[in-house]
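K.L.:
Sequence:
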Amino acid sequence: LQNYIGCGCGATGTIYNTIKKSIRITNIPELNKYISVWNSDTHNDIEQTQQIEEIDTKTEEFEFLMMGLRTLKGINSTEYKKRFQIELSQNVIKLFEKWEKEGKAHISINSDKSIQYSLNKTGILYLNKFLLEIM
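Taking my numbering as reference, the numbering of the sequence shown is continuous, increasing by one, and the terminal residue is 142.
Just so you know, these hints were derived from the structure itself, not from any lab.
What you are looking at is a predicted structure, and each value in this text was computed from that prediction instead of being measured.
Just so you know, not all the hints are guaranteed correct.
Straight-line distance between alpha carbons at most 16 Å, and here's what the computed EDC-like set of lysine to aspartate or glutamate pairs gives [what the hints assert, rightly or not]:
id: 1; residue 1: Lys120; residue 2: Glu70
id: 2; residue 1: Lys27; residue 2: Glu54
id: 3; residue 1: Lys101; residue 2: Glu61
id: 4; residue 1: Lys89; residue 2: Asp119
id: 5; residue 1: Lys88; residue 2: Asp119
id: 6; residue 1: Lys111; residue 2: Glu68
id: 7; residue 1: Lys40; residue 2: Glu54
id: 8; residue 1: Lys27; residue 2: Asp63
id: 9; residue 1: Lys128; residue 2: Glu94
id: 10; residue 1: Lys88; residue 2: Glu68
id: 11; residue 1: Lys136; residue 2: Glu109
id: 12; residue 1: Lys136; residue 2: Glu70
id: 13; residue 1: Lys120; residue 2: Glu68
id: 14; residue 1: Lys128; residue 2: Glu109
id: 15; residue 1: Lys136; residue 2: Glu86
id: 16; residue 1: Lys28; residue 2: Glu94
id: 17; residue 1: Lys65; residue 2: Glu104
id: 18; residue 1: Lys28; residue 2: Asp63
Quick list of the computed label-pair ranges, beta carbon to beta carbon [stated by the list, open to error]:
id: 19; residue 1: Gln58; residue 2: Leu132; range: 30 to 36 Å
id: 20; residue 1: Ile114; residue 2: Gly13; range: 33 to 39 Å
id: 21; residue 1: Trp45; residue 2: Lys65; range: 45 to 51 Å
id: 22; residue 1: Asn127; residue 2: Lys88; range: 20 to 26 Å
id: 23; residue 1: Asp63; residue 2: Tyr11; range: 33 to 39 Å
id: 24; residue 1: Asn117; residue 2: Trp45; range: 18 to 24 Å
id: 25; residue 1: Lys136; residue 2: Pro36; range: 45 to 51 Å
id: 26; residue 1: Gln123; residue 2: Asn39; range: 19 to 25 Å
id: 27; residue 1: Trp45; residue 2: Ile22; range: 17 to 23 Å
Positions of the beta carbon are idealized from the N, C-alpha and C atoms, including for glycine.
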C-alpha cells in the first residue's frame, strides 16, 4: 500500500504506518464550507473541513489485499509478512488454491523464494466475490 493524498472537497487520503498506526483523512463534502475555509486569510478552521480516522490493522491488511489484487501482479508473501509481521492467513491461501484450480488465480514462486498470489484477467472480474470470501 502506498500513501496517497486526497485533494478537494470530499476527497480522501491515507497515510500508512505513522508511528505504528495508519490514518485516513477525508475532506468534508459540503462545498460551500470547504470553499469558505480555503478562501479565508488564515485557514485557521482547516480542521473543520477534515475528518481524521485511525485505521486498524485488520482494515489495513484487507486494503493491502484489495489494492494488490486489483493488478495482475497481485500480492507478494514476503511483502505481506514484512508489512504485518505475520504470514498470509491459511484462509486466504486456501482460497487462492481453490481459485487457481478454477482458472481464476495464479500462484508462483519467485527467485527469492517468495510466493506471488494474483488473480488472472478472469479472476479480477470477480475481485469483490474473492474479497467477500476472505472476510
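K.L.:
With reference to the structure, classify each hint as holding or not holding.
P.N.:
Evaluation of the provided hints:
For the given pair, lysine 120 sits about 24 Å from glutamate 70 by alpha-carbon distance, which is inconsistent with the 16 Å threshold. Taking the CA atoms of lysine 27 and glutamate 54, the gap is near 23 Å; set against the 16 Å cutoff, the hint is violated. A C-alpha spacing of about 30 Å is found between lysine 101 and glutamate 61, which places the hinted pair above 16 Å, so the restraint is violated. Taking the CA atoms of lysine 89 and aspartate 119, the gap is about 14 Å. The hint holds against a cut of 16 Å.
At roughly 14 Å between alpha-carbon atoms, lysine 88 and aspartate 119 fall within 16 Å of each other, so this suggested pair holds. Between lysine 111 and glutamate 68 the CA atoms are separated by roughly 22 Å; this puts the pair beyond 16 Å, and the hint is violated. Between lysine 40 and glutamate 54, the direct Cα distance comes to roughly 12 Å. Compliance with the 16 Å bound is thereby established for this hinted pair. Distance restraint check for lysine 27 and aspartate 63: the Cα-Cα separation of roughly 10 Å lies within the 16 Å cut-off, and the hinted pair is therefore satisfied.
With a C-alpha separation of about 26 Å, the suggested pairing of lysine 128 with glutamate 94 is violated against the 16 Å cut-off. Of the pairs offered as hints, the one joining lysine 88 and glutamate 68 holds, with about 11 Å between alpha carbons and a cut-off of 16 Å not exceeded. A hinted pair counts as satisfied when its Cα atoms are at most 16 Å apart, and lysine 136 with glutamate 109 qualifies at roughly 14 Å. Only pairs whose Cα atoms come within 16 Å are accepted, and lysine 136 paired with glutamate 70 is accepted, the gap being roughly 15 Å.
This hinted pair does not check out: lysine 120 and glutamate 68 have alpha carbons roughly 22 Å apart, beyond 16 Å. For the hint pairing lysine 128 with glutamate 109, the CA-to-CA distance comes to about 13 Å; that is within 16 Å, so the pair holds. The hinted pair formed by lysine 136 and glutamate 86 fails the criterion: a straight-line CA distance of about 24 Å is larger than 16 Å. For the given pair, lysine 28 sits about 19 Å from glutamate 94 by alpha-carbon distance, which is inconsistent with the 16 Å threshold.
Note on lysine 65 and glutamate 104: the hinted pairing is violated, with a Cα-Cα distance of about 22 Å set against a maximum of 16 Å. A threshold of 16 Å between alpha carbons decides the hint, and for lysine 28 with aspartate 63 the separation of about 7 Å falls inside it, so the pair holds. At roughly 33 Å, the beta carbons of glutamine 58 and leucine 132 sit within the given window of 30 to 36 Å. Taking 33 to 39 Å as the suggested C-beta distance range, the pair isoleucine 114 and glycine 13 conforms, at roughly 34 Å.
For tryptophan 45 paired with lysine 65, a C-beta distance near 35 Å fails the hint of 45 to 51 Å. For asparagine 127 and lysine 88, the hinted distance range of 20 to 26 Å is satisfied, since their beta carbons lie about 24 Å from each other. Between aspartate 63 and tyrosine 11 the CB atoms are about 19 Å apart, so this pair departs from the stated range of 33 to 39 Å. Judged by the Cβ atoms, the range 18 to 24 Å given for asparagine 117 and tryptophan 45 is violated: they are separated by roughly 46 Å.
A C-beta distance of roughly 30 Å is found between lysine 136 and proline 36, which places it outside the suggested range of 45 to 51 Å. Here the CB-CB span from glutamine 123 to asparagine 39 is close to 48 Å, at odds with the stated 19 to 25 Å. Range check, tryptophan 45 to isoleucine 22: Cβ separation about 21 Å, and the 17 to 23 Å hint holds.
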